[in-house]
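Note that the protein sequences, when read in sequence, are chains A and B.
Last residue of the first sequence: number 355 in this note's numbering, and the count goes up by one each step with no gaps.
Last residue of the second sequence: number 145 in this note's numbering, and the count goes up by one each step with no gaps.
Keep in mind the hints are simulated off the structure, nothing from the lab.
Some clues are possibly wrong.
Only pairs whose alpha carbons sit at most 20 Å apart, straight line, appear in this in silico PhoX-like list of lysine-lysine [stated by the list, open to error]:
#, chain 1, residue 1, chain 2, residue 2
1, B, 31, A, 212
2, A, 92, A, 36
3, A, 112, A, 176
4, A, 109, A, 44
5, B, 66, A, 194
6, A, 112, A, 270
7, A, 215, B, 31
8, A, 46, A, 36
9, A, 92, A, 355
10, A, 129, A, 58
11, A, 44, A, 112
12, A, 212, A, 226
13, B, 66, A, 226
14, B, 103, A, 129
15, A, 129, A, 56
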Amino acid sequence: MAEAQVTADPFTEAANRLKTLNKVMTSRATIAQSPKEPIWTLNKAKLYRYIPVLPKEKRHPVPLLLVFALMNRPYILDLRPGHSFVEYMVNKGYDLYLLDWGAPGPEDKNLKFDDYTLEYMPRAIRKLKAISGSEEFSLLGWCIGAILTTIYAALRGDDGLRNLILLTAPLDFSNKQGLTFARWVDERYFDIDKVLAAFGNMPGEMLDYGAKALKPVENYVGNYVKLWDNLDDPRMVEAWHAMNTWVTDNVPLAGGAFRQLIVDLYRNDKLMRGELIIRGQRVDLSRIHANLLTVIAEGDHITPSCQSEPIMSKVSSKDRELFRIAGGHIGIMAGSGAAKYTWPHIDGWLAPRSK
Amino acid sequence: MGDEPTQNGKRFDPMEPWRGVRDIYMDAWAKTMVDMVNSEAYAQASGAMLDTYLTVSTPFREAIEKAMLKTLEQLAMPSRADVVSIAERMTNIEMRLDDMDAKLDNVLRLIAPPGASPRMEAARAPQKKKAAKTQQAKSAKRGKK
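Kindly produce the complete structure, drawing on both the sequences and the hints.
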């Protein structure tokens, strides 16, 4: 017992710290551990159903489909046991599904929002309905996933969509001065034709650089300083390791979708102006009638609140709520406060609307 | 020495004051950098850098692609374009299969007895059948033995 209390000498301590540092910097954390089964696949996309933990009579009858961004892995929603939105919602009795877009290959360079919203999503939702036995469903879209779910909700409003949850949704691009990305991809400086001719799909590393360069010191220096300072705290190290595993797991963005994101949205704000055409159909946001919850992260530097707020006045939903929460783009769903604030609010909003 | 706890229970850390100074410096640095990347000049400079990189690298990339194509032809191996074409055709086949799956689900839903959870059962049916077949095969094997 007495020996256990003796503090290690400085050299052993330093060696242990370096060992931990080496481990977290060079290995992948075990992530996405909630049990799930694939129920549908198309090209690289997969639809997963999470194995329910509650008996059917205790579950909400309306299933929930999670749609994440195209350029990141969706397991941020199920990062690690005890810190997983998926685990939380499954425990709350939701019949939960996740649409994983996968990583596009060279053959997918022409995939556009049109394909994702009118080819992949309707097919995945058909399968979800067949498996769940429910004609109605809820959709949760996060980041670019929120763009896709919004387009889907506007074009397929009669498909049984009851509830729509948009997390940090970049929908309005009118405030050019407030959007750093908009400045970077201005047509005077950024030649999208040249970029896509060279790469086909937008490389994940370049997208990652773009996101990190918004706050370069925090992302390239502060993040590692924080790890160094907390190397003695196993909980902090575990959290950092899991998040770093996700952050460094980059996915390219299909060239066609990237072009639409830059030209139609960042440069011309077509979605909010009602000018976005998807497979010949105009995306009219006033055709969204589903119950709507929009979640805004007040400290979001990737999607500032000015991008997510305006949709509230554009939709026809009678039941709509704007929820603001302190935190960043990812932190509100995967940070330490997510389980205390964001997840309970989503559950509190969704549960009575899923009966 | 350094391991002795202080009055409030924490060990004395000689690096603590340095950390404070470091954090103040990093905050200031972070703000300066955020202002910098938000500027028109940064957008222009980063765009110019990317453009230069693409302009310089494109001839090399194209030359490598041509050489690779020739090599693959000589070796009678499929090129990237061939693989891409096959992948696209596979996706089309998958879509047709998905269409058939949708029709099958509809048929099963229509023939399901009233009261049953139709679609759920329909979707599960193939798995159940397969499991039953496996069970039958196992029993038959045991019988033979």
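(message) Run through the hints listed earlier and report the numbers of any the structure violates, in increasing order.
(response) The structure conflicts with hints 3 and 13, although it agrees with all the remaining ones.
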